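> One letter stands for each residue in the lines below.
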Amino acid sequence: MSESGLDFRRGMIDRRLAHTGRVLLVMSGKGGVGKSVVSAALAGIVASSGLTAGLMDADIYGPSSALLFGARGLPAEGESGLVPPVLNGVKVMSVDLFASGRPIPLAGSGANEVLLELLALTDWGNLDCLVVDMPPATGDIMLTLTSLRKRDVGALVVTMPDRLSTSVAHRVLELLKGGDVTTVGVLGNMVRGSSKDNETSPGRLAEEFGVPFLGLLPFDPLVSDAVEKGNVEALLRTKFARSLRRSMVAYLRGIRRSAP
Amino acid sequence: MHELSLVQGIINAVGETAREKGGRVQSVRIGVGELAQFDIRLVRGLLNDLKKGTSLEEARITVEPEKSKVKCLTCGRVWNFQELAGPISSDDREMMHFIPELLNSCSRCPNCSKSYFEIEEGRSVRIIEVVLDV
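Chains as they are written, first to last, in our numbering: chain A, 2 to 261; chain B, 4 to 137.
FYI, nobody ran anything at the bench for these hints, they're computed from the structure. These numbers come from a predicted model, not from an experiment. Glycine residues also receive a C-beta, built at the ideal position from the N, C-alpha and C atoms. Fair warning: there could be bad hints in the mix.
As the list claims (entries may be wrong) - Chain B stretches covered by chain A per the calculated footprint, using a threshold of three residues with CB under 8 angstroms from any CB of chain A:
#, segment
1, 19-30
2, 114-120
Said to hold, decoys possible - One-sided and incomplete, this derived list gives chain B residues near chain A with beta-carbon spacing under 7 angstroms:
#, residue
3, ASN15
4, MET98
5, GLU104
6, ASN107
7, VAL133
8, VAL134
Build out the structure end to end from the sequences listed, making use of the hints.
Pasting the structure below:
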């Protein structure tokens, strides 16, 4: 018998991720809700908790993780693959380390090919948690990453409290329902003013799907200052990051429990 | 030297397929697409070294170069990497060595100058066919 079209990268990805405790997909379905900043801050929080953290930028068309961490230049090549640069204790991999700010106009399956190549080639070593900054939309990349042959893949659904963001987050939660990826929870971001958590649209969304509501992160102008300066340490000192740490405390404990 | 990882990935994948199907590997055809600019002799050498002691040790392995085929989705022009090789800098070539799709970031259609094109063939190393004696 003959087999054709065997994509060996899938097996490579399984092997790479076998040394990773947990994979957390930070998703929203919609752009502009702060996924990238949440992902970067979360990876920084994991690392600052004494755990080993990686950040995979899966937003192939609009990568920003490298910029957020100030990573530049091609990753080094080791014997076992590409070695992600370590910034603020976080191993960062992004297509922008290769494209260096240029546009990445990919048609058809191009973006997913880039993702598969990066995941297959990146030697993360041992990680307690790999945070994945997901792209907007529910296309190939989301379908690839929610189909990883790995246990302990979770999804953190980030939404702003407005109707547009929550309507798209609703679609994402619908897609996650019944799948292999555990929904870690719903997190409201860039929330202005004070409101009772469960009365907000992110809270109601979590309730509707029977998944944990992780709270609301405040709109914090100091976040954009830190991002402008590419200063992850300053980002981690913001009220936003302190709220994020509190929201994710149970998840962080879980990582610690499963860490070797 | 990520070629080593890729070749090891190929050997693992073929071995797993043989185990799943319960057969012996008779032959494997590997394509080496020109966009990733691998040295085909290096790929052959790595396969020869790494197959030892695996299910591929006795298999007939052929490694074939594959020309690229890129199609413009605006004007329909089909072209080959060699037609563009001149204007692509060595830094860009290195970038494509890791991620061939980044051809889209450093070139345009030679006919209409648009960036809306797709790589149809010859991107990187791939398994064309595995024959098992099942």
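> Enumerate the violated hints, using their earlier numbering and listing them in ascending order.
none
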